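2 protein chains.
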Amino acid sequence: MKSDDIKEAALKYFTIHGYEGASLSQIAEEVGMKKQSLYAHFRGKDDLFLQVLHDAKETELLSKLQYFSNLRSSQPEKDLYGFLQLIVDLFQQNEQLKFWLRMSFFPPAHLQKEVDLEVIDIEEKTQALLQEKFQQWINEGLLHAEHPRIPTLAFFGVVDSIMLELVYMSDTKRLQEKLEASWKVFWRGISIR
Amino acid sequence: MKSDDIKEAALKYFTIHGYEGASLSQIAEEVGMKKQSLYAHFRGKDDLFLQVLHDAKETELLSKLQYFSNLRSSQPEKDLYGFLQLIVDLFQQNEQLKFWLRMSFFPPAHLQKEVDLEVIDIEEKTQALLQEKFQQWINEGLLHAEHPRIPTLAFFGVVDSIMLELVYMSDTKRLQEKLEASWKVFWRGISIR
DNA sequence: AGATAACTTACGAACGTTCGTTAATCAGGG
DNA sequence: CCCTGATTAACGAACGTTCGTAAGTTATCT
Numbered sequence: 001m002k003s004d005d006i007k008e009a010a011l012k013y014f015t016i017h018g019y020e021g022a023s024l025s026q027i028a029e030e031v032g033m034k035k036q037s038l039y040a041h042f043r044g045k046d047d048l049f050l051q052v053l054h055d056a057k058e059t060e061l062l063s064k065l066q067y068f069s070n071l072r073s074s075q076p077e078k079d080l081y082g083f084l085q086l087i088v089d090l091f092q093q094n095e096q097l098k099f100w101l102r103m104s105f106f107p108p109a110h111l112q113k114e115v116d117l118e119v120i121d122i123e124e125k126t127q128a129l130l131q132e133k134f135q136q137w138i139n140e141g142l143l144h145a146e147h148p149r150i151p152t153l154a155f156f157g158v159v160d161s162i163m164l165e166l167v168y169m170s171d172t173k174r175l176q177e178k179l180e181a182s183w184k185v186f187w188r189g190i191s192i193r
Numbered sequence: 001m002k003s004d005d006i007k008e009a010a011l012k013y014f015t016i017h018g019y020e021g022a023s024l025s026q027i028a029e030e031v032g033m034k035k036q037s038l039y040a041h042f043r044g045k046d047d048l049f050l051q052v053l054h055d056a057k058e059t060e061l062l063s064k065l066q067y068f069s070n071l072r073s074s075q076p077e078k079d080l081y082g083f084l085q086l087i088v089d090l091f092q093q094n095e096q097l098k099f100w101l102r103m104s105f106f107p108p109a110h111l112q113k114e115v116d117l118e119v120i121d122i123e124e125k126t127q128a129l130l131q132e133k134f135q136q137w138i139n140e141g142l143l144h145a146e147h148p149r150i151p152t153l154a155f156f157g158v159v160d161s162i163m164l165e166l167v168y169m170s171d172t173k174r175l176q177e178k179l180e181a182s183w184k185v186f187w188r189g190i191s192i193r
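Chains as they are written, first to last, in full-length UniProt numbering: chain L, 1 to 193; chain G, 1 to 193.
Just so you know, the hints here were simulated from the structure itself, not pulled from any lab data. Just so you know, these numbers come straight off a predicted model, no measurement behind them. Check each hint, because a few of them may be wrong.
A pair holds if it fits inside one copy or across any two, identical chains being indistinguishable in the list.
[Stated by the list, open to error] Think about it this way: if two alpha-carbon atoms lie no more than 20 Å apart in a straight line, the pair counts; the simulated SDA-like pairs of lysine to any residue are:
1. LYS45 x ILE122
2. LYS78 x MET1
3. LYS133 x TRP187
4. LYS125 x SER170
5. LYS2 x SER69
6. LYS125 x GLU95
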């Protein structure tokens, strides 16, 4: 499918240059056609962008959902740390997560409304899921007893900071060091000892 | 000074629309002149951007440095939490921090080298400063004994996640909740108990 | 099966607009 | 009288988008 090639190229340029900085001519050139031909597949730049955005959100959501559903429960230390590693892997496998991060926090001004809807959706779903897990672990006496919203929000904070580090990413060494540090402190902060 | 007015307007549009999305005509209009007149004050768009960037970096660096120098030591809990509040205040007082955050992580592609230099500079300085503080607190037996780099990196992770939340910022309630959660877990993770 | 119609995909040309930038000109104050 | 700062005018280049068209593919009907 040629539409997928276009979306792939668009993802690349949107990620590097942002919405305004990415030009349809460059995207078209990447897939070996003229920019006018893009209009046979998409209604325009906005349409292309929103489809790429939706795809990126869906794959990210799917990855997270299936990670949580494959959890062997009662091992929060393993499961949570594994989630962090999943984020790192997703980031290095494809560009979709980096695109998603950029656009969810710095969306094109005239599409902020549409972007926000996607952001809110994925956020509510993943947060509900994780909070439920924390509730279980706390009930089982595996974690510090407190409202599950606290470790949930704190953990998402760790995830966010790791993703920011992934964006910056001069070298892998520093990333791993920061991940280990954040994880170590976070785990001491939520575990019983 | 008229240059400052221009830089202020430029800061605003760079923050909202990014480098590529911000146009010199809009910036000029904001200060009540034609875009060609900007060239009496700056060599071009890149020059304007880099000066705004440098200013934003300097004020952020200064704020952090003077916060650390005014610390009554031996109260890590108060001092660290106060730093988080400082970040929140800086974000709400002026737009420079939001601009800085956006550009340090998603710089215009053709200026990445120049941006990186500023980012590395501010990062090394603040990190060295904070790590020294942690070393002191650990030596005084106030914090969990470990290499000071660990709580330093973890704390910067908390700071990053709070800043991301500040960027998103639908409502202040949620921000405060996330800050409290991250802080609570972080503090339990580094303190002795 | 073969002819014809309809749809899809790509392209050249051109649209109007905006971009950042340069040059020449002019007003005002020390 | 120069100097600083603002203006008007104009520049080439790139932007997203539209149109007409040609080629290729698929569907329909006799």
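A quick look at each hint next to the structure:
Proximity of LYS45 to ILE122 under the C-alpha cut-off of 20 Å is found in neither arrangement, the shortest distances being 24 Å within a copy and 37 Å between copies. Taking the shortest alpha-carbon separations for LYS78 and MET1, neither the intra-copy value of 39 Å nor the inter-copy value of 58 Å comes in at or below 20 Å. In the homo-oligomer, the alpha carbons of LYS133 and TRP187 lie at most 20 Å apart inside one protomer (15 Å), although the nearest pairing across protomers, at 23 Å, exceeds that limit. In this assembly of identical chains, the alpha carbons of LYS125 and SER170 lie at most 20 Å apart only when taken from different copies (18 Å versus 32 Å within one copy).
With identical chains, the CA atoms of LYS2 and SER69 are never at most 20 Å apart, being 33 Å at best within one copy and 59 Å at best between copies. When the C-alpha separation of LYS125 and GLU95 is checked against a cutoff of 20 Å, the pair qualifies neither within a copy, at 22 Å, nor between copies, at 31 Å.
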